[in-house]
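> One letter stands for each residue in the lines below.
2 protein chains.
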Amino acid sequence: MSVQTLKGFRDFLPGQMVIRNRVISILKKVFESYGFSELATPTLEYAEVLKGKYGEEAEKMMYLFTDQGGREVGLKYDMTVPLARVMAQYPDLPLPFKRYQIQPAFRAENTQKSRYREFYQCDIDTVGITSPIADAEILAVTSDCLFALGFKNFIIRVNSRQILKSITDSSTVLQSIDKLDKKTVDEVKQELQAKGLDASAIQEIFTKLDNLKPDDHLNEVIHLADKLGAKNIRFDPRLVRGLDYYTGPIFETVVTEPKIGSITGGGRYDQLIKTLGGPDLPAVGTTLGLDRICDVIQELNLWPDVIPASTQILVTVFSPDLFDNSLELSTQLRRSGKAVELYPDPRTKFEKQMKYANAKSIPFVAILGPEEIEKKVIKIKDMNSGEQKEMLIDQLVNW
Amino acid sequence: MSVQTLKGFRDFLPGQMVIRNRVISILKKVFESYGFSELATPTLEYAEVLKGKYGEEAEKMMYLFTDQGGREVGLKYDMTVPLARVMAQYPDLPLPFKRYQIQPAFRAENTQKSRYREFYQCDIDTVGITSPIADAEILAVTSDCLFALGFKNFIIRVNSRQILKSITDSSTVLQSIDKLDKKTVDEVKQELQAKGLDASAIQEIFTKLDNLKPDDHLNEVIHLADKLGAKNIRFDPRLVRGLDYYTGPIFETVVTEPKIGSITGGGRYDQLIKTLGGPDLPAVGTTLGLDRICDVIQELNLWPDVIPASTQILVTVFSPDLFDNSLELSTQLRRSGKAVELYPDPRTKFEKQMKYANAKSIPFVAILGPEEIEKKVIKIKDMNSGEQKEMLIDQLVNW
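These protein sequence lines are chains A and B, in that order. Residue numbers for the first sequence, in the working numbering: 1199 to 1597. Residue numbers for the second sequence, in the working numbering: 1199 to 1597.
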């Protein structure tokens, strides 16, 4: 048997799951604090639901196949197409429909760092209203999430497709402008030249770009986001965002410390739900790069205080005749709400039991030998500092 | 576009997600209290990993296909095969490896009530030890979970494949015995007759069955489970469980009030991990029927006090000129840790805002009109009882 995960697919072992679960729980709490509720949709959809939505390039990356019943089906490609289907399938959903969705999406991409074939999308969207408060809430959620995750320095770049239209309707020109955060002005000018624009047209584009101002809608979005407490919002006329479907404000977050680049992106897309087969409803939202956020937190050790174990205490066993004492202790600690593992084999040497706790990153070990039992105490060892202290059972239960 | 979910696949709308999330969080808490940690594995595996493991019937139900890179792949069929792969792929995992896993599995089954083609499996297993404490912990976890979910009357039936062996080695005979909870003794006797057994052989089987006693291992499991606080464990010689691979104790839970039948099942399977392509390691575990548990809680309204909404308060808006007041109130409540939705459109009639709160099952509504602003209070309406009361902002924040 090939004992490997597929390329681009990953196992999450217990230590990683602790970080992921913590990230997800922080994000959910912020989403729900703004009235967003969770939605989950199936892993498989009719191929018809998925196809013809995002162009040929996307379709090449979709996992499509025929099921046992002869149906053409496909694995979820993103969370937006299923959202459009949900809006069409349940016309009685009260509007605005504010939902978040944290589920895997599947794309047969070239694998590279932090890009996976099964990756978790984390989307929040408000469907059904054009009011700038909806856009502002997306910015406020983004800001609150980044602070809650512990990112100190970040910028939420905002712009609007409406005002970019005043420069050009050409999406190929916009694509070049979008590269201004990675390339120099001269490089972008050369690219535009290569695309057939003459020097004066290029100059005009840059002059217009430098003089762009937010329109009324975007001004109101920024004003309301500020009132909601969003921080570090910066109008940036050079922000374009890749996708064609945005119709109004667009957003992107850049985390500058630690320097990890863009981890959220979104905007208003008032036509898309309809284009995707849903009803004619405006929408605004953002996606958060969950995998990237989790990878970065682990790689840069951003949460040094988070122990990568869900178990808090390993109760060791001294000898076969004292096994019942350890079992009883583990039950008492469990009843007091603690996550406790009882070492299962009383014949295992103590050193090996300690090694086991270490290997599993369990932060504390409880020791209950004849000496402790006589003194009616439990010895607790802090596996990090190596410190040991004796505690009464009541102390330990309330610890 | 076909705006339908595939047959056997489901959307979970926000109200349902609240119940599911609560069930999952209760189960996780119990699992972790016994030192089980979470594992997640990919949705797709090499077909080679999945095939040839559970027989032809199972294979017919597997979603298998060829991906863009020409690889034969398949959707997860259960959590046990991936567990075996994980044990083989990471030989350095400390043993015992105690993991839980809550993820979707996929089977192209005939759809029927509470049987889905994408369903959530919820498995806990201890890999690497033969000690009865591992089996006992599975029983204790089961018992704790059922109490924590609020099921009052249940029986955890236990038996052992080891002792069933003393009656017969024939799995077709065992399959008939397994039906004794649904059929009468006479019906089962007829079935055995049809399978070619004569009357005296059948009589012998039933006499032996009635005289079965737990062996030493099972006695120790029951004794330890009791010490761990497990309740309602009953030795039942007529319990067989369908699957062939069990090698020792077997378990099944029957919930008698509400009358919902079997919702957990498991046992010891000391050969299976190796058979599935993993290393030669003993294991014991159980699966909890998460979808069935969630369906039953909703259908029978077992949690009448759980409000099917994650949002706690809808802050209504009285008029466009008072929108900022409502926005500010929503921010203050949010900062105090509450899940708050601000109604986004100040031109919407108050009645419609109340209808919206009702449709979304939001339990409380905050009202902030000119009268309230002058009196420096907020009116809070309980949407369930209809009661209204005025509160100072400080009271509300600490509410």
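One or more hints might be untrue.
Copies of the same chain look alike in the list, so a pair counts if it fits in one copy or across any two.
What the hints assert, rightly or not - Below are the DSS-like pairs computed for lysine-lysine, each with C-alpha atoms no more than 30 Å apart in a straight line: (1) 1249 <-> 1205; (2) 1579 <-> 1227; (3) 1587 <-> 1350; (4) 1251 <-> 1577; (5) 1381 <-> 1574; (6) 1387 <-> 1547; (7) 1587 <-> 1574; (8) 1536 <-> 1226; (9) 1205 <-> 1251; (10) 1406 <-> 1226; (11) 1381 <-> 1579; (12) 1574 <-> 1350; (13) 1227 <-> 1587; (14) 1574 <-> 1387; (15) 1205 <-> 1425; (16) 1472 <-> 1205; (17) 1205 <-> 1227; (18) 1363 <-> 1381; (19) 1573 <-> 1472; (20) 1380 <-> 1536; (21) 1577 <-> 1380; (22) 1227 <-> 1536; (23) 1227 <-> 1457; (24) 1553 <-> 1226; (25) 1350 <-> 1577; (26) 1258 <-> 1472; (27) 1387 <-> 1587; (28) 1406 <-> 1380; (29) 1579 <-> 1377.
Keep in mind the hints are simulated off the structure, nothing from the lab. Here the structure is a predicted model, which is why all the values come from computation and not from measurement.
> Are the hints correct? Go through all of them and say.
These are the hints, each one checked on the structure:
1. 1249 <-> 1205: both (24 Å within a copy, 19 Å between copies)
2. 1579 <-> 1227: between (34 Å within a copy, 24 Å between copies)
3. 1587 <-> 1350: neither (37 Å within a copy, 41 Å between copies)
4. 1251 <-> 1577: neither (63 Å within a copy, 47 Å between copies)
5. 1381 <-> 1574: neither (70 Å within a copy, 55 Å between copies)
6. 1387 <-> 1547: neither (71 Å within a copy, 53 Å between copies)
7. 1587 <-> 1574: For residue 1587 and residue 1574, the Cα distance is within 30 Å only inside one copy (13 Å; across copies 54 Å).
8. 1536 <-> 1226: both (24 Å within a copy, 13 Å between copies)
9. 1205 <-> 1251: both (26 Å within a copy, 22 Å between copies)
10. 1406 <-> 1226: neither (40 Å within a copy, 56 Å between copies)
11. 1381 <-> 1579: Neither: 54 Å inside a copy, 56 Å across copies.
12. 1574 <-> 1350: Answer is neither; intra-copy 47 Å and inter-copy 36 Å both fail.
13. 1227 <-> 1587: between (36 Å within a copy, 27 Å between copies)
14. 1574 <-> 1387: Cα proximity of residue 1574 and residue 1387: none, with 79 Å in one copy and 59 Å across.
15. 1205 <-> 1425: neither (46 Å within a copy, 46 Å between copies)
16. 1472 <-> 1205: between (35 Å within a copy, 24 Å between copies)
17. 1205 <-> 1227: For residue 1205 and residue 1227, neither the intra-copy (33 Å) nor the inter-copy (33 Å) Cα distance is at most 30 Å.
18. 1363 <-> 1381: within (22 Å within a copy, 74 Å between copies)
19. 1573 <-> 1472: neither (73 Å within a copy, 46 Å between copies)
20. 1380 <-> 1536: neither (49 Å within a copy, 40 Å between copies)
21. 1577 <-> 1380: neither (57 Å within a copy, 52 Å between copies)
22. 1227 <-> 1536: Both: 23 Å inside a copy, 9 Å across copies.
23. 1227 <-> 1457: Answer is within: at 25 Å inside a copy they meet the 30 Å cutoff, but 35 Å across does not.
24. 1553 <-> 1226: Result: close only across copies, 26 Å inter versus 36 Å intra.
25. 1350 <-> 1577: neither (40 Å within a copy, 37 Å between copies)
26. 1258 <-> 1472: within (23 Å within a copy, 38 Å between copies)
27. 1387 <-> 1587: neither (68 Å within a copy, 64 Å between copies)
28. 1406 <-> 1380: within (20 Å within a copy, 79 Å between copies)
29. 1579 <-> 1377: neither (54 Å within a copy, 52 Å between copies)
When the structure is compared with the earlier hints, violations turn up for hints 3, 4, 5, 6, 10, 11, 12, 14, 15, 17, 19, 20, 21, 25, 27, 29 and for no others.
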